[in-house]
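Could you put together the complete structure from these sequences and hints?
The residues making up each chain are set out below.
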Amino acid sequence: MANDREVLRIVWEGQVPVCFQADPDEVVGLQQPEDFYLMVSRLSYLPLVTDKVKKYFTKYISNELQDGEIWFDSNGTPLKSHYPIGVLYDLLHPEDDGLPWSITIHFSKFPEDILFKFSSKELVESHFMSCLKEADVLKHRGQVVSAMQKKDHNQLWLGLVNDKFDQFWAVNRRLMEPVGEQECFKHIPVRFYNEDGTYMQKLISPINEAGQKRTLDDLLNDLSTPSRQAVGVRSHGVKIHGDTPLQWMSEHLSYPDNFLHFCMIYENI
Amino acid sequence: MFTSHTVPVTSILIVSHGGSPFKSSHRSDKNKDFEVMSETESTSDKKPEVSNDDSVSTGNDKGSENQSTKVDILLNATGNVPIMKKRRWAVDQEKPISWIMKFVHKYLKLDPEEKLFLYVNQTFAPSPDQIVKNLYECHGTNGKLVLYYCKSQAWG
Numbered sequence: 001m002a003n004d005r006e007v008l009r010i011v012w013e014g015q016v017p018v019c020f021q022a023d024p025d026e027v028v029g030l031q032q033p034e035d036f037y038l039m040v041s042r043l044s045y046l047p048l049v050t051d052k053v054k055k056y057f058t059k060y061i062s063n064e065l066q067d068g069e070i071w072f073d074s075n076g077t078p079l080k081s082h083y084p085i086g087v088l089y090d091l092l093h094p095e096d097d098g099l100p101w102s103i104t105i106h107f108s109k110f111p112e113d114i115l116f117k118f119s120s121k122e123l124v125e126s127h128f129m130s131c132l133k134e135a136d137v138l139k140h141r142g143q144v145v146s147a148m149q150k151k152d153h154n155q156l157w158l159g160l161v162n163d164k165f166d167q168f169w170a171v172n173r174r175l176m177e178p179v180g181e182q183e184c185f186k187h188i189p190v191r192f193y194n195e196d197g198t199y200m201q202k203l204i205s206p207i208n209e210a211g212q213k214r215t216l217d218d219l220l221n222d223l224s225t226p227s228r229q230a231v232g233v234r235s236h237g238v239k240i241h242g243d244t245p246l247q248w249m250s251e252h253l254s255y256p257d258n259f260l261h262f263c264m265i266y267e268n269i
Numbered sequence: 001m002f003t004s005h006t007v008p009v010t011s012i013l014i015v016s017h018g019g020s021p022f023k024s025s026h027r028s029d030k031n032k033d034f035e036v037m038s039e040t041e042s043t044s045d046k047k048p049e050v051s052n053d054d055s056v057s058t059g060n061d062k063g064s065e066n067q068s069t070k071v072d073i074l075l076n077a078t079g080n081v082p083i084m085k086k087r088r089w090a091v092d093q094e095k096p097i098s099w100i101m102k103f104v105h106k107y108l109k110l111d112p113e114e115k116l117f118l119y120v121n122q123t124f125a126p127s128p129d130q131i132v133k134n135l136y137e138c139h140g141t142n143g144k145l146v147l148y149y150c151k152s153q154a155w156g
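So the sequence lines, in the order shown, correspond to chains A and X.
The numbering of the first sequence is UniProt numbering, which starts it at 1 and goes up by one.
The numbering of the second sequence is UniProt numbering, which starts it at 1 and goes up by one.
Take these hints with a grain of salt, some might be off.
To be verified - Residues from chain X shown here face chain A by an in silico Cβ test under 7 Å; the list is partial:
#, residue
1, Q122
2, F124
3, A125
4, P128
5, E137
6, C138
Stated by the list, open to error - BS3-like mimics (lysine-lysine), calculated; alpha carbons at most 27 Å apart, straight line:
#, chain 1, residue 1, chain 2, residue 2
7, A, K150, X, K115
8, X, K86, A, K117
9, X, K85, A, K117
To be verified - Here are a few chain X residues that sit away from chain A, every Cβ distance over 12 Å (derived from the structure):
#, residue
10, D72
11, N80
12, R88
13, D111
14, L116
15, V120
16, N142
17, G143
Think of the hints as simulated: they come from the structure by calculation, not from any bench.
Bear in mind that the values here come from a model prediction, so they are computed numbers and not experimental data.
Every residue, glycine too, gets a C-beta built ideally from N, C-alpha and C.
Now the structure itself:
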């Protein structure tokens with residue numbers, strides 16, 4: 001439906017203003033570099049949007065650090081570069097405040113105990129494709145993604161990298177349709193994030209035993225325990241309405257990796 | 001605590017506090033064909049699976065919901081990679097995939113620069129920070145998680 005395609009467009013165009021800063025300990029010379037401001041896509045990944053940032057700050061740091069492994073932190077929290085930028089932002093800003101988002105770039109002291117090295121575009125690409133495959137295993141037992149050709153996979157990736165909505169959706173459309181006579185996916189690919197940035201995955205069915213479509217409220221009910229109630233989820237910077245069907249959410253609010261990424265809101269009872 | 005506590009409980013507690021991590025053979029595992037995958041560092045989370053409340057152990061027979069439960073994984077070799085003598089392992093469900101990769105790497109005595117790839121059900125490569133529990137919940141079959149390992153990329 002036309003209206004729903006509009007939702008895909010709005011999600012695709014979501015951006016976050018970021019203020020990149022240098023690590024003062026790494027700067028040589030008297031003058032601190034000025035901050036670097038950038039609008040970045042919520043759906044993208046840090047290594048895909050920070051070429052210019054890296055190039056700019058390289059001029060201000062000592063030669064021996066210039067080839068170092070780059071990483072980012074926000075207010076002391078190292079940022080996982082294989083999480084979509086929108087997920088990172090939502091996790092760290094439960095109140096959606098503090099714009100522009102201040103991020104510090106580092107060229108040394110990579111925190112190997114916390115972060116994995118996903119700093120190259122190739123590694124992010126293989127991670128992205130793996131997520132997409134896993135999502136298709138959940139939705140269609142992997143039948144759709146494995147029936148695709150290599151060029152289709154490339155088109156998905158390049159559509160994301162180059163911010164080409166039509167190019168991406170020409171292929172992704174096939175991944176977002178139930179197969180055969182089905183009205184729904186087999187399972188909904190979704191990751192539920194805790195405040196600390198870890199996440200939980202479960203098998204989530206889009207319909208109940210009676211064959212009716214399940215909603216977000218049904219899901220929150222399932223995720224609640226006697227001591228802790230799941231009261232809502234945030235994604236793409238918005239709190240999602242409880243009566244939204246899970247199947248609709250999967251088709252329209254998934255990130256390009258085909259997963260729904262939900263920041264959970266819990267209340268202790 | 002309770003006056004009725006039994007001798008085995010105390011002896012296990014003593015071992016787990018000060019004993020060598022290798023002397024863990026007394027642990028009674030439900031699945032005898034699954035060896036427990038562990039490293040010396042992980043002694044702290046090895047709580048002896050002994051309950052002093054009978055109703056709990058019978059009421060919670062499924063066990064899969066338990067916090068400290070282990071998940072059974074099956075490791076299959078693919079391509080020109082050495083076969084592991086022991087394929088079935090019980091792994092703490094909170095462990096990340098990177099931990100299993102390190103374990104297999106070490107077990108096979110691969111050179112440090114040799115790469116190792118791990119796949120779930122011959123379909124996708126899980127992220128190194130993905131935990132075993134999430135994969136088991138979504139992709140486990142017949143009570144176990146089937147993983148394939150190889151030295152070159154196999155399923156993308």
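Original post:
Where does the structure disagree with the numbered hints, that is, which hint numbers, in rising order?
Top reply: 1, 8, 9 and 15
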